[in-house]
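Student: Below are the chains, spelled out letter by letter.
2 protein chains.
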Amino acid sequence: MRATLIYGAGDIRVEDVPDPQVQEPTDAVVRVLRTCICGSDLWPYGSRPATEEGDRIGHEFLGVVEDLGTDVTGLKAGDITVAPFAYADNTCQFCAEGLQTSCPKGGYWATNGVDGGQGEAVRVPWAQGTLVKLPVDEDTPLLPSLLTLSDVFCTGHHCAVTAGVGPRTTVAVVGDGAVGLSAVLAAKRLGAERIILMGRHKARTDLGRDFGATDVVPERGAEGIERARELTGGEGTHTVLECVGTEPALETAFGIVRDGGTVSRVGVPQYEKGPVGPQVFSRNITLTGGVAPARAYIEELLPDVLDGTVEPGRVFDRTIGLDGVPDGYRAMADREALKVFIQP
Amino acid sequence: MRATLIYGAGDIRVEDVPDPQVQEPTDAVVRVLRTCICGSDLWPYGSRPATEEGDRIGHEFLGVVEDLGTDVTGLKAGDITVAPFAYADNTCQFCAEGLQTSCPKGGYWATNGVDGGQGEAVRVPWAQGTLVKLPVDEDTPLLPSLLTLSDVFCTGHHCAVTAGVGPRTTVAVVGDGAVGLSAVLAAKRLGAERIILMGRHKARTDLGRDFGATDVVPERGAEGIERARELTGGEGTHTVLECVGTEPALETAFGIVRDGGTVSRVGVPQYEKGPVGPQVFSRNITLTGGVAPARAYIEELLPDVLDGTVEPGRVFDRTIGLDGVPDGYRAMADREALKVFIQP
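Residue numbers (our numbering), protein chains in the order written: chain C, 23 to 366; chain Z, 23 to 366.
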């Protein structure tokens with residue numbers, strides 16, 4: 023089959039690789055119907071050292087079950103399923119608590135010999151725990167929104183949930199990428215009435231307004247913080263959803279949040295140490311969030327996707343085939359495309 | 023009157039200063055019955071640059087109301103009161119939410135011309151909001167425990183509350199100082215059944231056991247983390263109460279905490295940046311806590327102090343007069359004394 027590999031910064035190739043096969047009785051093989059490129063894929067695209075062999079890449083996909091190990095129940099060949107961006111057994115104590123990203127048997131796609139999502143098929147470890155069956159046909163127009171359950175919509179939701187967003191909380195969202203916009207949508211869905219989106223790309227912030235943002239602040243840094251605080255009577259917002267992952271974004275989040283409030287982050291930190299010193303301490307700011315256990319949220323969010331209450335798939339603004347993946351990375355890195363949808 | 027001043031690292035003096043007087047109609051003047059030295063006083067004692075004039079110091083006291091401004095109601099001369107370590111109007115939105123440390127009219131003792139607590143008397147701004155009347159006589163043996171409502175017991179309680187400690191949470195406490203031991207007591211009071219105290223000073227950890235610690239880990243660093251994790255089947259504790267304030271203590275806390283768990287810190291951070299990078303993110307660890315709004319907790323904790331359910335005053339292991347304050351600082355800095363009680 024064909025799959026995407028990364029050979030180093032800026033070097034994405036689509037190549038022939040061995041067809042995936044069931045290796046363990048708990049495995050399944052899924053033929054990928056749709057996959058996509060994630061903002062977090064841009065970090066290795068921007069900086070990974072060159073390698074001879076290349077590494078598989080991609081962690082968001084939905085597809086059709088083609089083969090199943092003997093221990094997998096509840097799924098059958100032909101089922102359409104979505105996979106969260108981390109696989110997990112979904113039976114251990116961490117999974118039971120909704121923290122499938124800490125499942126001792128779990129792991130991430132495209133690491134340790136596991137297939138990446140940006141290919142024609144994937145061997146799925148712990149398939150029974152990992153895959154969620156979708157009650158749709160292959161040709162449903164809902165595929166883009168359903169694919170966001172693999173990562174971005176669940177990630178935005180995780181950010182809002184861990185921040186404690188509800189009807190009485192004011193929210194600021196740092197970042198107008200697909201995760202930031204998903205966080206806006208999730209905050210709106212959880213009842214937030216005031217959602218300030220920090221972003222300067224009009225096409226993106228317009229979608230953010232459609233998703234529920236009540237205010238858009240294009241300024242950055244100290245100016246952006248001041249403007250966001252002005253919008254809240256100088257106090258700042260109860261919660262800030264940090265959807266970028268850089269240290270300046272975290273600083274902005276701490277600058278905007280109200281005393282006693284919560285900054286939740288879901289952007290993969292591009293820093294080892296963060297600005298959590300005396301200022302954050304003296305204002306009783308909580309820092310929460312983390313890598314989203316998407317699996318924990320799929321069943322909860324699925325009905326709203328199926329009935330069209332939310333349309334998180336609107337974050338996709340370009341559709342390509344597998345051959346177009348290298349250019350899709352380039353387009354996202356150049357901010358030509360918000361999020362690229364792939365039909366292998 | 024006489025009061026304590028700090029002239030620089032290691033240079034504590036007790037000197038004559040002007041008697042405090044009511045300056046604003048919202049002020050009171052309180053004659054100090056008991057005050058004490060805080061672990062956080064040891065930070066300036068260890069490092070403050072020398073000054074010509076000296077600065078007042080001390081932020082924990084209880085005493086008798088001597089004079090009142092015309093706007094103060096609910097208090098009268100002769101009342102015995104305790105003051106939290108931050109004054110506040112207790113009427114604003116932040117105070118109403120229990121975050122008196124962020125009261126726009128509030129502030130800290132011994133700053134901006136406000137008296138310090140380690141003296142014979144104190145002018146109390148926003149007295150009606152700040153002071154809590156105690157239903158005791160001057161000669162009650164409860165004064166040590168009542169004084170801990172000014173800071174350490176409320177601070178330990180804040181740490182446990184913000185961490186979410188309850189009957190089903192396992193707890194580790196980093197630090198065997200007065201705040202750490204208070205955090206043990208608070209966690210026990212909130213129902214925690216498993217409390218691991220990280221500390222190596224036997225007199226202190228023995229008191230910790232009396233306060234409710236079920237396990238004591240004397241090892242530090244990686245060894246201490248490993249030992250604490252062993253005690254919890256390798257998983258770590260749901261909550262870690264970080265009661266020191268140094269970066270190594272925070273690293274230890276992140277090392278001990280279970281995935282998905284919470285580190286709450288109440289030791290004043292001696293760092294500008296902390297280790298909140300990808301490791302903490304990938305494990306969904308929450309960092310919370312901050313400077314304790316002691317005022318928010320006094321009424322809640324007072325009954326248990328009055329009826330002897332808790333005896334937080336046991337953290338005091340030395341009693342001195344005002345003349346003994348310089349030596350009291352030295353004794354605490356040398357770890358000869360756990361916490362020094364002062365009868366001015």
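Hints were generated in silico from the structure; no laboratory data involved.
It is possible that some hints are incorrect.
Copies of the same chain look alike in the list, so a pair counts if it works inside one copy or between any two.
[Said to hold, decoys possible] Straight-line Cα separation of at most 20 Å, DMTMM-like style, residue types lysine to aspartate or glutamate; simulated pairs:
(1) 295 to 273
(2) 127 to 281
(3) 295 to 269
(4) 127 to 329
Student: Next, verify each hint and record whether it holds.
Tutor: Evaluation of the provided hints:
1. 295 to 273: both (12 Å within a copy, 11 Å between copies)
2. 127 to 281: Result: close only across copies, 14 Å inter versus 39 Å intra.
3. 295 to 269: both (9 Å within a copy, 11 Å between copies)
4. 127 to 329: neither (34 Å within a copy, 50 Å between copies)
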